[in-house]
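With chain B's structure known, arrange chain H on it following the hints.
Here is what each chain is made of, one letter per residue.
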Amino acid sequence: MIDFARNVRLWFEPQHISEEGATPDYRFSLANERTFLAWLRTALALIGGGFAVDQFLPHLRWAWRAGLALALLAAGVLCALRAVNHWVRCERAMRRGEDLPVSRFPALLSIAVAVVALAMVVVVLAGWAG
Amino acid sequence: MTRPPAQDRDPGLQPERTRLAWRRTTLSSTVAAVLAAKASLHNGVQAEGIIICALCCALWLAFLTVAHRRIRTLAAGNIPPPLAPRHATTAVLCTAALAVCAAVLVY
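These protein sequences, in sequence, are chains B and H.
For the first sequence, this note's numbering begins at 49 and goes up steadily by one.
For the second sequence, this note's numbering begins at 69 and goes up steadily by one.
Extracted from the complex, chain B is given alone in its bound form:
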């Protein structure tokens, strides 16, 4: 948690990153940037999914619709915040010559998406049956 707070400070204060270690090959920085952008697109897709659930499933009960939409939106926010945090951590590790940080976030996100997808299947089938 303390690490996270320090990373949050780094999001806004770029000069602290460039004070540490040596500048890596620019191609590594660009690869890191593309990974960041890929995660950001994932976050945008989750948010778009949240809008879509709210808009295109109008026959669902409100509680289910709101619950699914909010779950997708929350996942999108988490994914976006984690994207910039992971980017900062990788950038700093590269400057210091350390190993890149590992993360269990991809696994957690996969499980969350699978759970939401299953819930939607159940809800849609239940809607047909009822």
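Source of the hints: derived by calculation from the structure; they are not laboratory data.
The C-beta atom is built at its ideal place from N, Cα and C for all residues, glycine as well.
There could be a bad hint or two in this list.
[Unchecked claim] Not the full set, but computed from the structure, chain H residues with beta-carbon under 7 Å of chain B:
#, residue
1, 96
2, 99
3, 153
Just chain H now, kept in the frame of chain B:
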């Protein structure tokens, strides 16, 4: 008659790939913004919907500005400087704020 390669050109085309990655991301944000505008004006034109729609458009413009600046830097041709954390944070905060707008609309 082949043109001699430009000096220090990266054979892996990393700046170009990164530029296109920004382009894809702006497309994704456009889709999200269009969905947001549709959702906000869904229940007829009301003051609340218009405010949220305007907010989403402003967030989309902010995102577009950050992306456009980065794209121009990457397209400049020389070795690009690393992405500034401030710009990365701005892009992420725009995304998160869009999600907050969506959550308000769900209620």
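Verification of the supplied hints:
1. 96: holds (4 Å)
2. 99: holds (6 Å)
3. 153: holds (4 Å)
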